[in-house]
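Student: If you read the sequences in order, they're chains A and B. Read in numbering that gives the first Met the number 0, the first sequence has 54 at position 55, and its numbers run on one by one without any break. Read in numbering that gives the first Met the number 0, the second sequence has 82 at position 83, and its numbers run on one by one without any break.
Careful: at least some of the hints might be erroneous.
Identical copies go unnamed one by one, so any copy, or any two together, can satisfy a pair.
As the list claims (entries may be wrong) - With a cut-off of at most 20 Å between alpha-carbon atoms, the simulated SDA-like pairs for lysine to any residue come out as follows:
| # | residue 1 | residue 2 |
| --- | --- | --- |
| 1 | K41 | E65 |
| 2 | K41 | S97 |
| 3 | K41 | P53 |
| 4 | K79 | N20 |
| 5 | K37 | I89 |
| 6 | K34 | P50 |
| 7 | K41 | R62 |
| 8 | K37 | L25 |
| 9 | K34 | L11 |
| 10 | K34 | D9 |
| 11 | K41 | A12 |
| 12 | K37 | S16 |
| 13 | K79 | Y14 |
| 14 | K79 | L28 |
| 15 | K34 | A95 |
| 16 | K79 | T10 |
| 17 | K79 | S69 |
Note that these hints are calculated values from the structure, not bench results.
Each chain, written out:
2 protein chains.
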Amino acid sequence: MLVSAEDTDDTLAGYRSSIDNIDAALILLLAERFKITKQIGKYKASAGLPPADPQREQQQIERLRELSASANLDPAFSEKFLRFVISEVIRHHDRARSDDSGNYTADS
Amino acid sequence: MLVSAEDTDDTLAGYRSSIDNIDAALILLLAERFKITKQIGKYKASAGLPPADPQREQQQIERLRELSASANLDPAFSEKFLRFVISEVIRHHDRARSDDSGNYTADS
């Protein structure tokens with residue numbers, strides 16, 4: 000376990016503890032999100048739905064840009080964030096497809 | 000407002016509604032996280048603490064990698080995610096510094 004020289008500062012330690020709590024929440028929410036996109040992939044394959052839906056992605060981006068503006072967050076960051084997560088979803092789908100010959104399709 | 004051809008499928012709409020809820024939670028948590036790193040920047044400058052702390056970043060990465068493994072998430076993704084968020088924090092600090100001549104320092 001590494002110990003930082005700044006860990007002795009109580010105020011800083013308090014801020015960092017909040018960052019750590021938020022990061023844990025972010026990671027667990029992302030884990031849940033990937034569980035759902037995996038289910039979507041299976042469902043779309045079983046229902047014969049087309050894999051990609053560019054309109055859906057555009058809707059997601061527009062919605063998050065609006066939400067982030069109201070939260071005083073740079074809308075461009077929200078779009079970058081969503082594209083980052085979507086690229087991971089596509090990587091999951093690609094890996095699943097190569098493991099399982101075509102049972103997964105993309106929906107992010 | 001764009002309307003997707005797949006919006007008529009109730010099962011898919013249910014999954015997507017969950018994704019939208021999770022994405023909203025992620026964006027709002029990220030907004031809160033950036034508020035805290037902004038406070039850290041101000042505090043470190045006022046307390047005369049050094050701007051960067053590489054050991055702290057290493058601790059954050061190790062912790063999130065462990066947490067993501069327990070949540071069945073690829074630890075490499077968690078590390079990539081944290082680095083993505085940290086790069087945005089640094090961008091915020093850089094922008095604040097250029098606006099305000101040196102009152103902000105890096106802590107992610």
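Student: Would you pick out the hints that fail for this structure and give their numbers low to high?
Tutor: 1, 7, 13, 16
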